[in-house]
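A.B. asks: Residue numbers (this note's numbering), protein chains in the order written: chain A, 2 to 901; chain B, 30 to 457.
Since the hints were made in silico from the structure, they are not lab data. Ideal Cβ placement from N, Cα and C applies to all residues, glycine included. Misleading hints may appear alongside valid ones.
Said to hold, decoys possible - If you anchor each label on the Cβ, the simulated ranges turn out as follows:
#: 1; chain 1: A; residue 1: Lys771; chain 2: B; residue 2: Gln293; range: 56 to 66 Å
#: 2; chain 1: B; residue 1: Gly411; chain 2: A; residue 2: Pro360; range: 12 to 22 Å
#: 3; chain 1: A; residue 1: Arg537; chain 2: B; residue 2: Gly411; range: 38 to 48 Å
#: 4; chain 1: B; residue 1: Glu255; chain 2: A; residue 2: Gln422; range: 53 to 63 Å
#: 5; chain 1: A; residue 1: Gly15; chain 2: B; residue 2: Gly411; range: 52 to 62 Å
#: 6; chain 1: A; residue 1: Val779; chain 2: B; residue 2: Gln379; range: 14 to 24 Å
Said to hold, decoys possible - Computed list of chain A residues with no C-beta within reach of chain B, every gap over 10 Å:
#: 7; residue: Asn78
#: 8; residue: Pro360
#: 9; residue: Glu803
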Amino acid sequence: MFKQGVGSFKYHVGISSLDQIATRDDRVCVLNILGGESSDVTPVGHAYSGGNVVFGTSPGRSGQVLETPVGNVPVYNNVREGLEVGHRFNCGVVYLPPSGARDGVAELIRVNPELKKIFIVTEKLSVHDSREIRAMGQQNGIDIFGGNSLGVADAWNQVRIGGALGGDSPAEALRKGSIAIFSNSGNFTTTIATYLRMAGWGTTTLISSGKDVYIHYAAPEFAFALANDARTKAAVLYAEPGGYYELDASFTKPVVACVVGRWKSKLTRAVGHAGAMAGGHDDAEAKERWFMAKFGVDDIFTPEHPVFSPMGAVVTNIAHIPLALTAVMQANAARPDFEPEGSLALKPWFGSSQGIVLPPELDLPMVTAASPYDKQIEHMNRQIGAIFPRQAMKDASGASQMDPKTQITALHGTSMLDAAQFPVESNICLSLLREPGSENERELVNAAVGAEINLSGTPALAAAQAAREAGNAPNTVLAAACSILGPRSVNRARQAVRALVEHFAEAGLRSAVDETFDLSSVQFDGAAGLFVSDQRDTKAEALLEGLQARGVKSVFVRYLRTLNGHPSADAVLAAVATTLAWEPLMRKRISLLTVETLPWWLRLFGVLIGASTDASRHRDDAFCGIPNEEIVGSRSLTEVAFTALVGSEPTPDNLFAFQTLVGLLLSNGPGTISAQGAKGAVSADGPETPERVQLNKALIGFLTHSGYAHGGNGYEGIAFLIDQFKDVGLADPGDPDHGIDLASLAGRYVAEYASYKADKKTAGSLDIRKIPGVNHPVFKDKPVNHDPREVFVRELFERREEYNVFHAYYQELVKALYETGVSRNVYCVNIDAVIAALLMKMVWQPYGEGTLSKESLETSAFTIFLYARMLGCAAEIDDHLNRGRNMDTRTPASQCQFVS
Amino acid sequence: MQITGMLHGAKLLQFAGFPTSEVLGPDASEDEIRALIGRCGSVFIKPVFKGGVGKKGKAGLLGRASDLRTALKEKERLYFVEHRVGSTVAKANGVTFEGAVPAEHEVYFSISDSTRFRAPTMTLTHHGGMDIEEVDKSLVAQIPFDALTGLKAFVVANALSELNAPKQIISPLVQQLPKLWELYHNFGMTTLELNPIRMRPDRNGRLTPVACDFKCGFDRDDPRWERLNLPNHLFAVDYSDFELEINQLRTYQGQSDVYVINPQGTILAPTFGGGANSLVTQMLGDDAIISSDFGGNPPYAKMKEVARICFKHWLKQSNVLFIIGGKSNNTDIFETFRAMADALREHFGQHGPSPLYVVAGRGGPNLIRGMGALRDTLEALGVPYRLFGFDSDMSEVINHARAVDAWMKAGGRDEVAAKLRIPVAAAA
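Looking at chain A on its own, in the form it has when it is part of the complex (with noise of 0.2 Å):
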């Protein structure tokens, strides 16, 4: 059952011209309009017709509009709602998702008695839904395009309806001229318009048919418009295997058909278009006969033969048809209709060989894009640093993940077992860098963070002295002191990075290291002032000779050498932190705005770790002992972060100790207080605000969010080995040969403890106080359990062939627990037990002189954690800074409880 239509066809056809399928006139409404695609598409589209949609429909959400760039498009809840307001309409585009795109084209069908043309844009319609759709099409007499379309366009009219033909730009590939195009694939429906604009031709009518079983507007009805189109003298068709739509359709004008698909015949299932499925006489190369049998020739046309007649060519590649277009116009005595734009020649607009030989014939060199890509690409090329997308940050980060499984975590990607064997500067670059660092590197952060540490008459030195003597743990301490190192005091510094990326990159400087640098070709046109006055700054004197002193290589510092007049320290400073971060930036590993808050860092870190000694510790002219001079041009970080801690020089094992402590305990992840402590203070100031986020104000989070249970707890393991070694006279805790019997020492504690938790359990408590550094909640219920992190560190100190008495006490421990049946399985010693034998280690000769006090021994467990720390939660700062949303980390309301 059919409606006639125009033609003698046996099925209805109402489109007797190409000029009618896309016209100015026509009003369109969209089938969920607010879904993501048509959301995207319609507008530009409806912009590029002179605004052709008059509504669009998404239930439930009547009262919303679609913006677009000339002016809102009202949406209703159904069609009639939208028929009711007054709105009328001759075309329905089907945006909805398979299920319902059946439904939508009744809806249009039955609502509206106006209608004539239906596009349907949804992909992977059932076959079932297709041919019902087609019957309610023929019954009532409407054109329907698709499914799986991506619409028609109309390059005369400027019009396209129902989908995205020609992308965002669509005047980019629809230029005016004399060819329609009929393709079964969206995609090369574009792309073919684009390469005959390549040829000098320009397109008509261009059709998107689809490739599903169901072609509703197929092949010889577009021939019929074809024929009866004044403006059209000739069409590209390209068609794929399955169906034979194309084998009915009788050409009255020059047509160039491309048919792919040969090799399909191998596949046993579709791929990519629905019913493009050589099944029995449908296959590629039957097609290929039924065009030559239409054009009268005998073979494919290549460049290389160039078959054709002036009824056409048959080609099996898409770059071919614009040479066979030309070739079959020109028997027909036509010319182009415009001069050809451009080749179809190979053009790579990026590459790189990566530094490998390649053949001449593959070694393309690079092509400047066609306009206006060539511009997009200088622009994108201008753009300095990654930019990360920003989302709700909330209990995520993109700087640490812990693996559930092992309990290891990872900072951007390096795990706290490879972070331990770094020292605290590499950290340090790993932390804010994302990598480890190489030695210059290292130079650069022992010089810049040492030049901060002496507090000597400082401010930040009184108020943490002044909150040490009310009495406050360390993390309290440290945030006084950080509170005092606001925004001001690194402006000058931050204006300064900003200025040397600007214009550095401008310049062109690939490394930061460059000796060879040409410095006049930076060109800052009075800006210097930014970095020197003519005021000497002491600071920044010494931090240059300091530098010197180490050999560092930086262009930036050699640039502020070569300028008349003093330069600052925050122009110094700013010097090494773009030396540092020159690289990733130039990677995009790193963004700008790190690049810029760098400074701030390395001061925070410097003044941490001075405001964490005594400041009876800071002299003006020394720290600890070692003189300004030394800690600037020639002492590690580690080091000096050791002396500041315990008070005394490092030995070469301490310092490995130290630096091992601090790599395992810089992160366990954005779960932990700290780290939440840290990302909630960058949230409430906003980082989509990025530049009025307090860095020191977070750090002050981070510190707030530790305390005697997290962070100071390191101190109970210490308690307890003090306690257990308090009377066996032992001398060195590195010296294998001690004379205790470990064994015995640890049975006497398990006796003890087991009578203990036997008493407690007779007098019904179940209150029973856990022995520090044993058992794991993850790593037990194996008749031997280990705690992987341990492991490492065992086998990481037994490699450097250093005795720890502690670890070994612990080892026997865990034996006599399970041998006098406390335990049921042998506990795994875990990660605390190896950090307070690492630090009583570290600590036990000076503790046993008496230059530390038991008090201070517990201050030290806990600053230790704040220095590792203080660098895992600036990586989680500076990520949450760069990817966090304002406000992002609450929690809705929804979620709380209340607890009566």
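Guided by the hints, dock chain B onto chain A, whose structure is given.
C.D. replies: Positioned in the frame of chain A, the structure of chain B alone reads:
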């Protein structure tokens, strides 16, 4: 997705109330087989292939027995028999025993959607029992009918009259055949073929059409077939592990169609768009590992997952990662390229670098940002690459990828491996 044979076909037909021959599966007991022979006089023994394998009778893969001993012997012969059609080899796993239906008339019947008539179409002849292509066209009726009203009795009656079919078969067929439309239309089929339908006489000589062989194909995009509760393993054989993994991501937003062409191939080509898929698959031939269409504007997360799975299965053996599509209309190039770049970086991070050369050809929204993201990643990974815009002939870009692959095979892979500091053993 096809079903052939009466083992499952009989159940589907019974669902529609269409008479079928009696059928027993591979696990039928000797008593059951003996009883079936007793009732029907003889049985046909047919091997069971997964998916669809036609022309078994011609290949001698059909047994007939009128006693239990012969039946069991045929079972032994056919249980694991191999069947070759062209280059495809199928191996049977099991047999069916189908009761013979004595009849004078054999009918061919099928429904499918015809692209000539643009409607569901019935094909019918009373000269059934052989391949329909071999029957003289004048003896075959091909009748399109309205999808909204369905296959009606009068359509069948008119067709049989035109064919001058014997009078006695008309009424039973007119009664029974329209039932098959319900099965076809309501359970997501794209083809349904019964050949032969044998016209079995009852005591009074009245004929009943009995389906003696069955073939149907299902529409992958139509969930209606799930109503049939068919066992999953019926279709599982069609897919490799890789394809299954990708198929789990199959939603209507963004294509995720893949087909493994050559598990030993060396070009991994994520392809965008059905047209590009046809061109690329054709030109790369056996060098391609997969044929794919990932177009349709996939969101970032889906694209990254698709790329992750592709890399997991194939990157190690790949010489060239070839990302190719035309000038996209709506697929966001930034999203798709960034997703693939991120997946590549993560793959290198987890599994170490792999000797690779990247060639890409693409156009579309956010093209430059997308290419920029890919470039930055490849620079960071140290992988050599060439990225082409849409103004380069797509087929030449494909040829370039093939030339790079050839160079990689001829020593280039080792050079890239050396540049990436990959030990020779790991690079192989």
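A.B. asks: Does each hint hold? Answer for all of them.
C.D. replies: Hints versus structure:
1. Lys771/A x Gln293/B: 56 to 66 Å: For Lys771/A and Gln293/B the Cβ distance comes to about 58 Å; the hint holds.
2. Gly411/B x Pro360/A: 12 to 22 Å: 20 Å, holds
3. Arg537/A x Gly411/B: 38 to 48 Å: Roughly 46 Å apart at Cβ, these two residues keep to the hinted range, so it holds.
4. Glu255/B x Gln422/A: 53 to 63 Å: 56 Å, holds
5. Gly15/A x Gly411/B: 52 to 62 Å: At roughly 59 Å between Cβ atoms, Gly411/B and Gly15/A fall inside 52 to 62 Å, so the hint holds.
6. Val779/A x Gln379/B: 14 to 24 Å: Given a distance of about 22 Å, which is inside 14 to 24 Å, the answer is holds.
7. Asn78: 23 Å, holds
8. Pro360: 6 Å, violated
9. Glu803: 31 Å, holds
Hint violations for this structure: number 8 only, all remaining hints satisfied.
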